[in-house]
Amino acid sequence: GAVVSQHPSWVICKSGTSVKIECRSLDFQATTMFWYRQFPKQSLMLMATSNEGSKATYEQGVEKDKFLINHASLTLSTLTVTSAHPEDSSFYICSARTPGLGNQPQHFGDGTRLSIL
Amino acid sequence: TQLLEQSPQFLSIQEGENLTVYCNSSSVFSSLQWYRQEPGEGPVLLVTVVTGGEVKKLKRLTFQFGDARKDSSLHITAAQPGDTGLYLCAGAGVYQGGKLIFGQGTELSVKP
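First to last, the sequence lines map onto chains A and B.
When you read off a place in the first sequence, starting at 1, and then add 3, the result is the number in our numbering.
When you read off a place in the second sequence, starting at 1, and then add 1, the result is the number in our numbering.
Everything labelled a hint here was simulated from the structure, so no lab data went into it.
No false leads were slipped in.
Lysine to any residue pairs mimicking SDA-like chemistry, simulated, CA-CA at most 25 angstroms apart: (1) Lys100(B) - Gln45(A); (2) Lys112(B) - Thr85(B); (3) Lys44(A) - Pro82(B); (4) Lys71(B) - Gly54(B).
Throw the hints in and build the complete structure from the sequences for me.
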């Protein structure tokens, strides 16, 4: 159980393109999803918390106009990298928290490798 | 700001050796999770520890949560090449709305 699907797994596109990444919880409803960025050989860096039906909460230093998050349903959150540039190239990972009270773990998608030429 | 210091960051050992990874903080966590990540994939949850002093075992892996819930360790016995990967500890703050604080990660390489 607790499967999170992320799509696409790999994107290569030209500078200036906007790229949308989808994150779906396949077998549970997730009121909260999280978006991370990861550089090679490094840990995950939280970008924003996505809340179903309300605005996302962004971490300090993350441009909300650059990284648009939409969480329109209990099973889908999307991250759009607008007007992407080479410095936006990275591994983006989403996670969803299983419902319930207490210490529910986060389950991660398989990530999206974004390469901007 | 809560921080989670993970060490060592890199570890290269021979098959059959034992190893321990540590995660330490000055803050109390409501729970702590350990993940393993392989290149090009997302982290996979290994275990969640919740109670101070808790010990959980997963085959050759032993996880411990400190009595004060500020630190945790992962011990691997008789490491195998299949254990190679990035190990991440992540703590859930008491009032963080489910956000996780990640350690820096430990890149483990087990050579045959």
